Amino acid sequence: MATPELTSLRSPRVTAARRLAKRSFRGKERRFIVEGPQAVREAVAHLVEVYATPEAAERHQEILDAARAADIPVFTATDDVVAEMCDTVTPQGIVGLCRFLDSPFEEILAARPKLVAVLANVRDPGNAGTVLRCADAAGADAVVLTDASVDPYNPKAVRASVGSLFHLPVAIGVPVERAVSGLREAGARVLAADGAGERDLDSELDDGLLGAPTAWIFGNEAWGLPEATRALADEVVRVPIHGRAESLNLATAAAVCLYASARAQRAPAGCRSVTST
Numbered sequence: 010m011a012t013p014e015l016t017s018l019r020s021p022r023v024t025a026a027r028r029l030a031k032r033s034f035r036g037k038e039r040r041f042i043v044e045g046p047q048a049v050r051e052a053v054a055h056l057v058e059v060y061a062t063p064e065a066a067e068r069h070q071e072i073l074d075a076a077r078a079a080d081i082p083v084f085t086a087t088d089d090v091v092a093e094m095c096d097t098v099t100p101q102g103i104v105g106l107c108r109f110l111d112s113p114f115e116e117i118l119a120a121r122p123k124l125v126a127v128l129a130n131v132r133d134p135g136n137a138g139t140v141l142r143c144a145d146a147a148g149a150d151a152v153v154l155t156d157a158s159v160d161p162y163n164p165k166a167v168r169a170s171v172g173s174l175f176h177l178p179v180a181i182g183v184p185v186e187r188a189v190s191g192l193r194e195a196g197a198r199v200l201a202a203d204g205a206g207e208r209d210l211d212s213e214l215d216d217g218l219l220g221a222p223t224a225w226i227f228g229n230e231a232w233g234l235p236e237a238t239r240a241l242a243d244e245v246v247r248v249p250i251h252g253r254a255e256s257l258n259l260a261t262a263a264a265v266c267l268y269a270s271a272r273a274q275r276a277p278a279g280c281r282s283v284t285s286t
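Under our numbering, think of the first position of the sequence shown as 10, with each following residue one higher.
These aren't lab readings, by the way, just hints derived from the structure by calculation. Among these hints, one or two may not hold up.
Said to hold, decoys possible - Using C-beta positions, here's what the derived DEER-type ranges look like: (1) 108 - 74: 40 to 48 Å; (2) 217 - 31: 46 to 54 Å; (3) 98 - 207: 29 to 37 Å; (4) 187 - 28: 37 to 45 Å; (5) 33 - 249: 39 to 47 Å; (6) 24 - 176: 37 to 45 Å; (7) 108 - 244: 33 to 41 Å; (8) 109 - 187: 18 to 26 Å.
Stated by the list, open to error - When the alpha-carbon atoms are kept at most 20 Å apart in a straight line, the in silico EDC-like pairs for lysine to aspartate or glutamate are as follows: (9) 123 - 255; (10) 123 - 150; (11) 37 - 111; (12) 31 - 150; (13) 165 - 145; (14) 123 - 111; (15) 31 - 160; (16) 165 - 243; (17) 37 - 89; (18) 165 - 215; (19) 31 - 116; (20) 123 - 38; (21) 123 - 194; (22) 123 - 145; (23) 37 - 58; (24) 31 - 156; (25) 37 - 150.
Note that the structure is a prediction, hence the values are computed from the model and not measured. Note that the Cβ used here is the ideal one computed from N, Cα and C, for glycine as well.
Please take these sequences and the hints and turn them into a complete structure.
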C-alpha cells in the first residue's frame, strides 16, 4: 500500500474540505463534498480533488485511475484525515471535492422538458436527495428546488441521491411563482401533489391526462403545500389511499406520481389505465 501523503488533521486541505459542511462556505466556494466510491465514481467529470486511504486506493484503483486520466489531483491520506473530511459516522475511505453543477433555470426551460419535479419548501436533505433519485429513476428531465428548499449539496442530500445528482439538470433557488410560470410557458401542465386534491392520480390516468409534459410540485414533509402554492397549479392531485394507511411520505408520493407520468408519457395515446375500455 502507498504511504499516506496527508497525515495531519490541521492540514489546510483538510480544513478547507471540512468547512464545506456549512452551506455558507459551500456557496462561497461553489464546491461540496462527495463521499464513498459510488458518489466519487459518478462525480468524476465535476471533481476538483480526490482523497483516499491506502486501503481504499487499492480497493478502488479504477476510480483513482479515472480521476488521474481526467487530470484530477489524487492524494492518499490516513483514515483519520479522510474521516475528518466526511460527514458520515463510518466513512468508506474515499472522498472527493466537487464543483457545483446546478443548471440555470432558463436552460431547463429552453430544453422544453416533459417531466419535472419541483421541490417547494422541502427542508429535509434526505428527502430532497431521495426525490432527486426518484426523478432520475423515472426518467425526469430536471429537478427544480425553490428558494425556500434545502441545499441539494448538503452532505445528507448528496448521499441520499446516490449519484443521481450528477445525472440530470438541477436548478436551485427558483421562486415558486417563477418555477410555475416558467414551466407552464415551456408547455408543461403543472400539478400540485397534495392529499387534499380534488382530483386523484387514478382519475388522471383514466382520463389520459398524464401523457402531456408535466411538472409535479411536491411540498414540505410536515405541512405539505400552502394554499397559495396549490392555487398556482393547473390541478391539485392526490395519490389515492386504497388501504388503511394515514398518508404517504414525501419521497414515496413523489415516486408514485413521477412513475405514473413516466408510464403515461411512454405509452401510446397517453396511457389510459388498464381498467379503461
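We went through each hint and held it up to the structure:
1. 108 - 74: 40 to 48 Å: 21 Å, violated
2. 217 - 31: 46 to 54 Å: With Cβ atoms ~48 Å apart, the hint holds.
3. 98 - 207: 29 to 37 Å: 45 Å, violated
4. 187 - 28: 37 to 45 Å: 31 Å, violated
5. 33 - 249: 39 to 47 Å: 42 Å, holds
6. 24 - 176: 37 to 45 Å: Violated - the Cβ-Cβ distance for residue 24 and residue 176, about 31 Å, lies outside 37 to 45 Å.
7. 108 - 244: 33 to 41 Å: Roughly 38 Å apart at Cβ, these two residues keep to the hinted range, so it holds.
8. 109 - 187: 18 to 26 Å: 20 Å, holds
9. 123 - 255: Roughly 31 Å between the alpha carbons, so the hint for residue 123 and residue 255 is violated.
10. 123 - 150: Holds, at roughly 7 Å.
11. 37 - 111: Cα-Cα ~15 Å, so holds.
12. 31 - 150: Between residue 31 and residue 150 the Cα gap is close to 29 Å, so the pair fails against 20 Å, i.e. violated.
13. 165 - 145: With Cα atoms ~17 Å apart, residue 165 and residue 145 stay inside 20 Å; holds.
14. 123 - 111: 19 Å, holds
15. 31 - 160: Given pair residue 31, residue 160 holds - Cα atoms ~10 Å apart, limit 20 Å.
16. 165 - 243: 33 Å, violated
17. 37 - 89: 26 Å, violated
18. 165 - 215: 38 Å, violated
19. 31 - 116: With a Cα-Cα distance of about 28 Å, the restraint between residue 31 and residue 116 is violated, given a limit of 20 Å.
20. 123 - 38: Measuring from Cα to Cα gives roughly 33 Å; hence the hint is violated.
21. 123 - 194: Judged against 20 Å, a Cα distance of about 13 Å means the pair holds.
22. 123 - 145: 13 Å, holds
23. 37 - 58: This hinted pair holds, its Cα atoms lying about 18 Å apart.
24. 31 - 156: 17 Å, holds
25. 37 - 150: Violated: residue 37 and residue 150 sit about 28 Å apart, past 20 Å.
In terms of the numbered hints stated before, the structure departs from hints 1, 3, 4, 6, 9, 12, 16, 17, 18, 19, 20 and 25, listed from lowest to highest.
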